[in-house]
Amino acid sequence: DQQVKQNSPSLSVQEGRISILNCDYTNSMFDYFLWYKKYPAEGPTFLISISSIKDKNEDGRFTVFLNKSAKHLSLHIVPSQPGDSAVYFCAASGVYNFNKFYFGSGTKLNVKP
Amino acid sequence: DARVTQTPRHKVTEMGQEVTMRCQPILGHNTVFWYRQTMMQGLELLAYFRNRAPLDDSGMPKDRFSAEMPDATLATLKIQPSEPRDSAVYFCASGLTLGQGDNQPQHFGDGTRLSIL
Numbered sequence: 001d002q003q004v005k006q007n008s009p010s011l012s013v014q015e016g017r018i019s020i021l022n023c024d025y026t027n028s029m030f031d032y033f034l035w036y037k038k039y040p041a042e043g044p045t046f047l048i049s050i051s052s053i054k055d056k057n058e059d060g061r062f063t064v065f066l067n068k069s070a071k072h073l074s075l076h077i078v079p080s081q082p083g084d085s086a087v088y089f090c091a092a093s094g095v096y097n098f099n100k101f102y103f104g105s106g107t108k109l110n111v112k113p
Numbered sequence: 001d002a003r004v005t006q007t008p009r010h011k012v013t014e015m016g017q018e019v020t021m022r023c024q025p026i027l028g029h030n031t032v033f034w035y036r037q038t039m040m041q042g043l044e045l046l047a048y049f050r051n052r053a054p055l056d057d058s059g060m061p062k063d064r065f066s067a068e069m070p071d072a073t074l075a076t077l078k079i080q081p082s083e084p085r086d087s088a089v090y091f092c093a094s095g096l097t098l099g100q101g102d103n104q105p106q107h108f109g110d111g112t113r114l115s116i117l
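Chains A and B, in that order, are what the protein sequence lines are.
Here the first sequence is numbered in this note's numbering, starting from 1 and rising by one per residue.
Here the second sequence is numbered in this note's numbering, starting from 1 and rising by one per residue.
Treat each hint with caution, since some may be false.
[Stated by the list, open to error] Pair by pair, the computed Cβ-Cβ distance ranges are:
| id | chain 1 | residue 1 | chain 2 | residue 2 | range |
| --- | --- | --- | --- | --- | --- |
| 1 | A | Gln81 | B | Arg113 | 21 to 29 Å |
| 2 | A | Ser69 | B | Val12 | 42 to 50 Å |
| 3 | A | Tyr39 | B | Leu27 | 20 to 28 Å |
| 4 | B | Arg52 | A | Tyr39 | 26 to 34 Å |
| 5 | A | His76 | B | Leu27 | 31 to 39 Å |
FYI, nobody ran anything at the bench for these hints, they're computed from the structure.
Beta carbons are placed, not taken as given, at the ideal position from N, Cα and C, and that holds for glycine.
Chain A extracted, bound-state conformation (with noise of 0.2 Å):
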């Protein structure tokens, strides 16, 4: 049973345009959302996070939105370069547990030159 699910294996962008990547998750006790980025044969790395007290959270030309009503986020990613082609994995986890992250299966984005 997914919690968190990413329902576009992947996604195509022309460079210096947007890209926004979609999750979603069931559980509602789920209260900090991060996004990771990987590369083929490497380990996954930490992006970008939100606290559900929060609906938006901004570092640079990524950007990441909570909508807990609808317990969807989104990755915003402005504008797209071609070294942001990678595996996006967004992750949840709750304030019942040590930091234990439930991750969604993946999108694949490729940036276009």
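Starting from the known structure of chain A, fit chain B onto it as the hints suggest.
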């Protein structure tokens, strides 16, 4: 930059053999996680430790998998006997959490790519 170190990076072995994967968490981190990445399941949590004590290993096939932390600088994941369906990339991650609900990003190693023939 401090990093999580995993060894070996690649392992090819025959079915039935014992496999041991090792992880050196980032110094000072008190939580350690083992994940398995497969095409269908994405990142699947196998086990995790806090202050070297196992908190949850419900994601792990108990009959053949075992996870331990002999000391704060070493975590191991063993498979005995190994089977072809165990072929995957296994990641270790570490983090620092001060208590329940204190969520911080986990930091991942580069994984062990395991192939069981």
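The hints, checked one at a time:
1. Hint check: A:Gln81 to B:Arg113, Cβ distance near 28 Å, so the stated range 21 to 29 Å holds.
2. At roughly 49 Å, the beta carbons of A:Ser69 and B:Val12 sit within the given window of 42 to 50 Å.
3. Range check, A:Tyr39 to B:Leu27: Cβ separation about 25 Å, and the 20 to 28 Å hint holds.
4. Taking the beta carbon of each, B:Arg52 and A:Tyr39 are about 31 Å apart, inside 26 to 34 Å as hinted.
5. Judged by the Cβ atoms, the range 31 to 39 Å given for A:His76 and B:Leu27 holds: they are separated by roughly 35 Å.
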